[in-house]
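Asker: These protein sequence lines map, in sequence, to chains A, B, C and D.
For what it's worth, the numbering used here labels the leading residue of the first sequence as 1, then goes sequentially.
For what it's worth, the numbering used here labels the leading residue of the second sequence as 1, then goes sequentially.
For what it's worth, the numbering used here labels the leading residue of the third sequence as 1, then goes sequentially.
For what it's worth, the numbering used here labels the leading residue of the fourth sequence as 1, then goes sequentially.
Don't take each hint at face value.
The list cannot tell twin chains apart, which means a pair is met if one copy fits it or any two copies do.
Said to hold, decoys possible - The calculated lysine to any residue pairs, modelled on SDA-like cross-linking and capped at a C-alpha distance of 25 Å, are:
| id | residue 1 | residue 2 |
| --- | --- | --- |
| 1 | Lys373 | Pro239 |
| 2 | Lys373 | Glu11 |
| 3 | Lys373 | Tyr64 |
| 4 | Lys373 | His235 |
It is worth saying that the hints were derived from the structure and are not from the lab.
Letter by letter, the chains look like this.
There are 4 protein chains.
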Amino acid sequence: MPRVRDLGIYESALPCGPLNGITDVPGVAVGHCTVIEGEGAFTPGTGPYRTGVTVVVPHPGNLYEDKVAGAAYAINGFGKYTGLEQVRETGSLESPIALTGTLNMPRVADALITLALEANPYIGVGFEATGRQGYASVNPVAGECNDGFLNDMHGRRIGEAELRQALASASTGAVAEGAVGGGTGLSCFEWKGGIGSASRRVPDQHGGFTLGVLVQSNFGAAAELVVSGVPVGRHIRPPDARPTNTGETSDQGSIVMVIATDAPLDGRQLERISRRAGFGLARTGSTCHSGSGDVVIAFSTGYRIPDRPSTPILMRDTLANEQAAVTTLGQAVVEAIEEAVLNSLFMSETMVGRDGNTRHGLPVEEIAAWVRKTTESDCTRMP
Amino acid sequence: MPRVRDLGIYESALPCGPLNGITDVPGVAVGHCTVIEGEGAFTPGTGPYRTGVTVVVPHPGNLYEDKVAGAAYAINGFGKYTGLEQVRETGSLESPIALTGTLNMPRVADALITLALEANPYIGVGFEATGRQGYASVNPVAGECNDGFLNDMHGRRIGEAELRQALASASTGAVAEGAVGGGTGLSCFEWKGGIGSASRRVPDQHGGFTLGVLVQSNFGAAAELVVSGVPVGRHIRPPDARPTNTGETSDQGSIVMVIATDAPLDGRQLERISRRAGFGLARTGSTCHSGSGDVVIAFSTGYRIPDRPSTPILMRDTLANEQAAVTTLGQAVVEAIEEAVLNSLFMSETMVGRDGNTRHGLPVEEIAAWVRKTTESDCTRMP
Amino acid sequence: MPRVRDLGIYESALPCGPLNGITDVPGVAVGHCTVIEGEGAFTPGTGPYRTGVTVVVPHPGNLYEDKVAGAAYAINGFGKYTGLEQVRETGSLESPIALTGTLNMPRVADALITLALEANPYIGVGFEATGRQGYASVNPVAGECNDGFLNDMHGRRIGEAELRQALASASTGAVAEGAVGGGTGLSCFEWKGGIGSASRRVPDQHGGFTLGVLVQSNFGAAAELVVSGVPVGRHIRPPDARPTNTGETSDQGSIVMVIATDAPLDGRQLERISRRAGFGLARTGSTCHSGSGDVVIAFSTGYRIPDRPSTPILMRDTLANEQAAVTTLGQAVVEAIEEAVLNSLFMSETMVGRDGNTRHGLPVEEIAAWVRKTTESDCTRMP
Amino acid sequence: MPRVRDLGIYESALPCGPLNGITDVPGVAVGHCTVIEGEGAFTPGTGPYRTGVTVVVPHPGNLYEDKVAGAAYAINGFGKYTGLEQVRETGSLESPIALTGTLNMPRVADALITLALEANPYIGVGFEATGRQGYASVNPVAGECNDGFLNDMHGRRIGEAELRQALASASTGAVAEGAVGGGTGLSCFEWKGGIGSASRRVPDQHGGFTLGVLVQSNFGAAAELVVSGVPVGRHIRPPDARPTNTGETSDQGSIVMVIATDAPLDGRQLERISRRAGFGLARTGSTCHSGSGDVVIAFSTGYRIPDRPSTPILMRDTLANEQAAVTTLGQAVVEAIEEAVLNSLFMSETMVGRDGNTRHGLPVEEIAAWVRKTTESDCTRMP
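When you get a sec, could you build the whole thing from the sequences and use the hints?
Answerer: Structure, rendered in structure tokens:
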């Protein structure tokens with residue numbers, strides 16, 4: 001399946017990186033575990049399952065020892081999360097980010113703790129035993145989207161084994177997209193949604209940094225969908241779409257957006273660029289439904305925070321011109337979020353889930369033709 | 001000059017009110033004072049002036065005695081404001097909202113105080129003299145956009161006389177748009193910007209409420225402009241536009257957005273719908289530049305807060321289903337903000353200001369033709 | 001063991017309710033499950049355990065169907081929580097609040113989901129099956145404090161069975177305090193900490209409402225402790241206390257504070273009174289260490305939010321004079337938080353935990369004598 | 001008049017700096033302009049006046065060219081402010097901070113603009129004329145407290161001349177306290193309030209930084225006052241004090257708190273320590289009345305932000321261990337805020353204002369004797 005850019009119907013002002021994915025940020029890895037089990041009638045607690053977990057790993061080292069600057073921002077804070085409070089307070093991230101189906105979230109957070117304890121056995125043990133000050137805890141970070149239309153949410157199928165598998169598969173190469181990992185059972189604009197990714201590179205005079213995003217898309221009404229500015233949702237909708245886009249769909253919902261960059265942004269600066277993510281969502285037609293948890297988690301691999309610094313002061317690179325950086329990296333966020341959402345749609349195929357509930361894959365060729373027809377009349381539009 | 005809807009190149013999912021302006025919310029009035037004085041070389045402090053002030057008055061009564069629920073939300077908190085802190089804390093608004101050119105703001109806030117004291121002479125006098133508890137103050141609310149390209153900001157030309165004139169002219173009829181009042185000296189997408197307004201009516205099953213917005217537009221790079229989904233800024237730009245839209249324009253900026261509704265939203269609920277305003281901005285091409293103060297001030301005429309209640313408890317209408325209301329009214333915000341920004345552009349004519357600096361009015365027919373050409377190929381797009 | 005008020009060394013400006021606990025708010029129930037297992041050397045994952053879970057249940061009905069207004073506020077957002085994001089966004093609470101030891105938190109959140117699904121089996125099933133719109137999720141709310149000094153955090157000993165036990169034991173009577181439930185393994189001012197509660201009644205002219213709090217206390221350095229204004233920590237410290245109170249103890253930490261009231265406060269108003277909780281903490285000597293998660297979760301039983309309202313508008317009681325109410329209820333918060341923290345200390349006995357780590361119970365008589373000696377010289381101080 | 005520490009009735013865990021004032025932070029200067037004019041009957045608009053303005057100047061250079069990291073935090077956001085929004089967004093401060101009487105605030109903000117334009121005439125002129133990019137504005141920062149009990153607020157007596165005088169008098173020496181500058185007409189705990197200052201030095205192993213505060217105090221009910229932990233307000237109150245401290249005084253209000261440090265804190269970190277200011281207020285007896293604007297503005301002279309950086313990246317000192325720093329500097333905030341409030345009371349003499357309204361100066365010896373009597377019984381309390 002082609003990504004939206006490969007179809008020649010999408011272009012951006014800023015260039016993308018070589019993989020056009022979050023893994024263009026050096027060191028960032030992504031892994032998935034996908035669970036597709038059973039079919040037919042839904043017996044809560046036993047399937048069928050269309051679910052999974054996706055992990056974003058900021059760097060290959062020990063993340064607890066060598067934290068990254070982090071931020072969390074709720075455009076609309078519906079949804080269930082673990083760990084956002086401490087990310088906000090400390091401006092740091094010490095855990096991989098795990099994205100899963102709604103009711104799996106606590107089990108995945110618990111599994112993140114298990115793995116952090118394995119890697120850092122002194123956590124919770126304390127200074128008598130280890131020479132470390134205190135008996136610190138660890139802050140797992142997990143988010144979710146509701147996959148209940150296709151999946152047996154009750155079963156909470158994802159736990160430690162699946163998280164291990166996702167982490168074991170994590171790679172710095174091209175990101176698998178669509179109905180994989182935490183995107184397996186999702187719906188977006190009433191089509192099949194899932195995982196999407198994209199990246200941008202900012203000009204050298206602004207530092208030449210890379211910014212990448214990964215989204216878990218699960219929001220929107222079919223009538224709202226916009227591709228490259230063309231309101232395709234007015235014309236092309238799945239057979240089972242709800243009739244209108246006038247507020248009938250308040251319980252649709254959610255997108256978790258992960259932003260990574262190698263620009264040395266601190267937590268406040270990461271929050272600033274995170275606020276631009278809504279502008280990217282809007283380009284896809286989103287009107288930010290009330291029941292949609294539109295949440296951003298951002299980190300910088302260029303701003304590291306040691307767990308045990310040896311001195312009170314550290315020399316580090318910081319941005320000299322925050323305003324220019326936020327404008328440029330903010331534009332990168334807007335564009336990359338838009339493209340990542342589109343990729344999550346274009347890369348997802350039809351899936352039949354519990355009770356025979358069906359989410360149709362976007363009719364890629366039909367959509368592409370519609371967009372081309374419109375934009376070709378706009379002769380110089382896609383140069 | 002035609003508004004964007006009159007040109008047949010804009011449509012919305014939700015219907016607009018009869019005036020398609022903030023004054024469709026019953027009781028809401030808008031007034032302007034426009035100052036266009038002098039021309040030629042800029043001698044700071046003496047002109048030329050291209051500035052003014054616009055007021056939004058929530059209801060015709062004594063607003064201090066009979067406050068309205070209010071909220072303030074910074075999408076990007078650049079810019080200078082007075083009064084937002086207390087609106088946030090108390091969830092109430094007790095002053096007309098005044099919008100002016102950047103450096104005028106304190107003088108306008110001072111004038112708002114003068115007028116509040118005239119209407120409520122016991123403010124600052126106290127209970128001994130009046131039987132009122134305490135010697136309360138009043139919270140004026142004023143915002144601004146930078147009109148320095150066309151206007152002598154140094155002169156701070158707007159004060160009490162101009163505010164009085166704006167209030168005296170306030171009307172519940174159709175809103176004057178374009179280069180009037182606080183929009184006189186503004187630039188938007190490097191074209192002439194200014195004041196724009198629009199409204200939406202939500203379906204009866206969601207309460208049949210009206211929501212209106214008024215914007216003071218002053219943001220964006222020409223290359224970014226999007227009209228009805230068509231990226232016209234890629235093709236049509238003013239002669240003096242900056243060459244790119246890749247972060248070169250970080251100091252462009254600002255838009256103040258006022259939202260009014262008769263739905264009985266409390267302060268927190270008003271803040272929730274205010275967060276949707278960015279989705280409307282994004283539809284016009286905004287990427288939320290760092291130096292752009294993108295700020296929302298919202299109020300509800302359907303949720304009144306008496307200054308001197310006689311009992312601790314008050315029975316009032318409240319929303320039973322906040323999630324449905326936020327979705328529907330949020331969609332109204334997204335659409336109305338988009339249309340109001342477009343109106344601010346379409347209704348503004350070329351203006352020459354200080355030092356001969358020129359902001360060209362949007363070439364309305366050229367833009368409209370481009371949009372029509374594109375969307376006509378999309379035969380069913382504008383049904 | 002006597003509560004601080006029973007010792008005659010504490011008084012308040014506002015009167016407490018009959019139980020002087022959060023259960024003075026009609027309908028509110030509290031339950032605990034306490035786990036004390038094993039002793040001696042710590043083998044991570046197998047004990048010894050000094051941990052548990054405490055639940056606060058807002059009312060005896062179906063909380064998912066009949067939600068209460070809610071708020072969450074981080075004075076210092078260290079620590080791990082689930083559910084705060086949605087409470088903030090929607091201003092509502094649809095789950096009992098569970099407080100436990102740090103690393104148990106995800107397992108407890110998972111158990112809250114299990115119980116919510118049992119009570120509301122249509123969650124996650126959807127409208128085809130049930131006639132309900134959508135296939136909504138549920139938002140469990142859980143907080144934690146670090147009990148790692150006494151407890152094997154690695155073992156994550158608390159899960160569904162323990163949560164069921166806590167809920168089964170929930171009572172609207174007097175609150176068990178000290179080393180029970182989520183307070184079992186905690187430390188406060190380097191003494192044994194745990195669960196504490198208190199309540200206040202506001203004067204009839206302000207509505208005659210009741211406000212109660214429950215805290216899970218786990219913060220502070222011994223040298224900081226203040227009781228009734230007397231800095232007892234300067235003189236009386238446990239044998240193993242750290243030598244100073246000058247920033248040596250940055251990883252001490254956390255207190256979760258639950259506030260309940262029958263005053264009809266909405267989410268924003270609940271957040272306002274929640275911000276006063278820090279003033280109560282300060283009275284006990286807290287300086288809000290960086291590593292301390294000082295977090296408030298508040299709800300109102302007097303402001304109900306139906307899950308399935310039949311009309312868009314609802315008539316309800318609201319506060320007519322928010323400023324008077326926030327002042328009075330805020331004072332209730334300040335006082336009740338102070339007293340609840342003191343109760344958590346005064347009601348906790350010495351506990352020996354993993355590796356023989358010992359938290360000494362506050363020497364109640366010695367402390368009381370010191371406070372009395374000081375305040376008696378202040379002859380009219382305790383009238 | 002003696003400061004509280006000189007009376008031997010106050011001590012702190014952390015040592016104060018040589019001046020025990022905000023001017024202990026190298027480079028920070030404070031100036032006042034005090035206006036005491038007229039007496040007798042109040043004719044709104046013509047006096048009598050008991051008002052003024054106080055300025056805090058972060059460093060002696062051009063603050064617009066060489067900004068300092070900044071933060072703003074509302075513990076309770078009542079009150080009128082200009083400039084906080086942009087300080088929050090950019091994490092920087094480019095203006096002296098001016099504190100004045102409520103209704104003077106806009107005029108003082110306007111005067112700050114005048115002075116910024118004089119020092120930086122290219123503001124608002126733009127790049128064509130100056131070679132600078134854009135035509136930027138300037139963000140004046142002003143706060144206020146309500147001096148209406150003693151002062152003719154209507155007259156708005158403070159403007160450009162008074163601001164110039166305050167700035168001209170600014171000194172890095174000992175801070176004048178009590179009824180001076182913006183503190184001239186204020187009331188605190190129903191006694192005469194005003195300006196107070198204090199400082200702390202953190203231990204060398206935490207960097208050896210200095211932190212200073214300056215407060216403009218105007219809050220509280222007499223019955224609430226606490227000095228060094230002794231609830232003196234229960235016994236000693238001014239003759240005209242309101243009878244109770246149970247919520248009768250909701251319109252009392254406000255304190256603006258300025259925090260300065262040479263520790264290299266960024267905006268987010270400054271906000272974190274600002275949140276500790278409430279813990280200092282609470283030590284003086286505050287319960288954070290609803291109508292009290294309790295607001296903090298903080299800056300770091302150790303973290304400079306150039307207006308025109310020549311490169312995208314800057315090497316700078318940053319805190320290596322944020323948690324330790326926030327704990328230690330947070331303790332400094334708590335202590336210094338407490339002592340500064342006490343200084344504002346102890347250094348203020350009785351003042352008669354408009355209509356013969358009288359604010360009694362704290363009976364310093366009587367209070368000191370009461371505190372000594374209490375604490376002497378606590379023999380080792382003041383070692």
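Asker: Does each hint fit the structure? Answer for all of them.
Answerer: Each hint tested on the structure:
1. For a Cα distance limit of 25 Å, the shortest separation of Lys373 from Pro239 inside one copy, 23 Å, qualifies, whereas the shortest one across copies, 30 Å, does not.
2. In this assembly of identical chains, the alpha carbons of Lys373 and Glu11 lie at most 25 Å apart whether taken from the same copy (16 Å) or from different copies (20 Å).
3. Taking identical chains as interchangeable, the C-alpha atoms of Lys373 and Tyr64 are never at most 25 Å apart, the minima being 51 Å within one chain and 49 Å between chains.
4. Both within a single protomer and between protomers do Lys373 and His235 lie at most 25 Å apart by alpha-carbon distance, with minima of 13 Å and 18 Å respectively.
In the structure shown, a violation is registered for the earlier hint numbered 3 alone.
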